[in-house]
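Asker: Next come the chains, spelled out residue by residue.
There are 2 protein chains.
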Amino acid sequence: MSAERRRLPAPVLPQRVHIIGSGLIGTSLAMALVRAGVVVSVADASPTNEALASDLSGARLGAGDPVDLVVVATPPDVTAQVITAALAEWPNAVVTDVASVKEIVQAELVATGVQGLERYVGGHPMAGRERSGAIAARIDLFEGRPWVVTAGEASSDEAVALVRGIAEATGAVVRLLTPAEHDAAVAAVSHVPQVAASLVAARLADLSEDAVGLSGTGIRDVTRIAASDPVLWTQILTGNARAVAEVLRGLADDLGQVVAALDDLATGTSADGRIEAPGARAVLATAIAKGNTGHARIPGKHGAAPAAYSIVTVLIPDQPGQLGRLFQDVGDAGINLEELNLEHNLGQPFGQLELSVLPAVAGELAQWLTGRGWRIHA
Amino acid sequence: MSAERRRLPAPVLPQRVHIIGSGLIGTSLAMALVRAGVVVSVADASPTNEALASDLSGARLGAGDPVDLVVVATPPDVTAQVITAALAEWPNAVVTDVASVKEIVQAELVATGVQGLERYVGGHPMAGRERSGAIAARIDLFEGRPWVVTAGEASSDEAVALVRGIAEATGAVVRLLTPAEHDAAVAAVSHVPQVAASLVAARLADLSEDAVGLSGTGIRDVTRIAASDPVLWTQILTGNARAVAEVLRGLADDLGQVVAALDDLATGTSADGRIEAPGARAVLATAIAKGNTGHARIPGKHGAAPAAYSIVTVLIPDQPGQLGRLFQDVGDAGINLEELNLEHNLGQPFGQLELSVLPAVAGELAQWLTGRGWRIHA
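These protein sequence lines are chains A and B, in that order. Everything in the first sequence is counted per the numbering used here, starting at 1 for the first residue and increasing by one. Everything in the second sequence is counted per the numbering used here, starting at 379 for the first residue and increasing by one.
These are computed hints drawn from the structure, not numbers from a lab. From a predicted model like this one, the values you see are computed outputs, not experimental measurements. Be a bit skeptical, because a hint or two may be false.
Derived coverage of chain A by chain B (criterion: at least 3 residues anywhere in the stretch with Cβ under 8 Å from a Cβ of chain B; other residues may be distant) [to be verified]:
#, segment
1, 39 to 45
2, 84 to 97
3, 179 to 185
4, 192 to 204
5, 216 to 224
6, 230 to 237
7, 364 to 371
Glycine is no exception: its CB is placed at the ideal position from the N, C-alpha and C atoms.
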């Protein structure tokens, strides 16, 4: 497959771009493209939003002049319709969109027999915020974020080059996938983790206060995204239903094996504590080991290969200025932090800050901080 | 149930404590109790470990003198046997243990007809490290951590008071649960999140590099603990098999409903993109909303009630000293940070640091930092 894999053509920055839909994504994109010297126009079903987007970005209002590229940044349920209309209205322009699921859009365009699909290229800038609308737009919204470009079979290289051009102009990192690959990927790296986090968090709903009080950093990490908006996530999961269901089915199969193994172990336990359940432990160990393998594939800092860092844990008194003093001391040591994580301590007037550094400098950092009066968990 | 709930008696610090097993927990406990003025003796099946624990903690070697409390800190698979022997060998002492599952130990003691169960009280100090053994021991291992005390029906209040006494002497926060409540609680807040994280991470094993490259902070959070040791976790899950299976069964039921709803949505999607699947969206929204409810129950900083913080996001150049400069500025503002989280940006030479603060001071902090030259995502 990699031999036949489509190559990403060199980026071409279009001179004139029209953006339909001036929400968070459309307006942020307008800002970044105006900065890049592109002539940008914006349109929105709401005249107020349109005017706001224009004011914020310096883009022109409406459209009518010929353009090189049309970006459809409308709500996802009308994306395919608006793409169809845009391909007809601008017969010489490339059209792209920003919907977060791609196969359903592509399939709808093909099924309805739209002409000009060589001029259509899908896209998904993977950036967002808790807030929405033009007012929440930011010129740096896409900086350092993935922007997936999904070329259909018909998409021309010239069309892909223009979409890559605007994506890179915003500071995004472009990746080329097919629509199906994109949907399967976001199912696994985004949608399934959300479902899992929500289902794990739901187990806490009926626990006693004392039981919930035993929550440590593990469950906090696992369930952090369980605070997400149900309406938004219903839309997202609905849009990618087929791919999410497929990944979840694999997860459910594994889960069924784990539960069966645990049942074997529970019923195989005799009164004197000995456990007879051949094979059950291997099922559990395999499940955790498979998780190790998958986890190791997540890229590390700045998209680089995963690195194993050493952790230096520092006790931080819970007073203003303590973190400042600490990071001043870390800075004086000339050591770069790779990751950091502040951990809360139940009922105690201090926090534990985990500093991840390259293993070669962990000892030096611990010694340095101890010398400056910090309490270290090495 | 709360009316009949057993009350935790006032703590009583024993004068003489004997600790059997000088691994990480036993040795750390010896250190903390010696500091508290308790006369401590340690014993271990390995003379080397025993001597090391004594050297590190200042505890005496062996036992023979009468003691008030015996702490069984052996590997979990021999805990019940060692408790039984200790109850016989020290007929006037209270005996406790530190095993991470409690019902199986209690059941084994009851099933084998052990005498003196009024003198036995289970315990689970919820502290650990990646490293094990006496050499990894720390005097502050238990500080701010929960220490669950599990009283059986026979346990006397005097016995519970002594176990509370040593736990609080280490700086731990004591919670009283029944063995069954404890096991159900750790299943939900620790063991099930581990299984879920591992199963989600396992989905990444067969993804393409490009697909894994789309991983954002959500899946990083959800799968952080998926790097855990398979052998250790097989032991933990085996020990709490019944309770973990029960919680996972509830999760699997919810998961089955979500998959069925997604299947309905996928097959109910017509070629023109309209989706007909009555009730399916409600299943998804309910699953996410139940996750919201459960997530909101996790206690916030320092065991206090959950608080909603405002997040101020700062762009941090990837150079030594930048975090120091930032926290210096935050400290100068006199604003206390509640949480912080460093987020990596794919392929970009900076990170995003999320500072969580009380909502009332978020605007002030953002303005202050902007004034000092920081780039803020408000």
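Asker: Does the structure break any of the earlier hints, and which numbers would those be?
Answerer: Of the numbered hints, 1, 2 and 7 do not hold.
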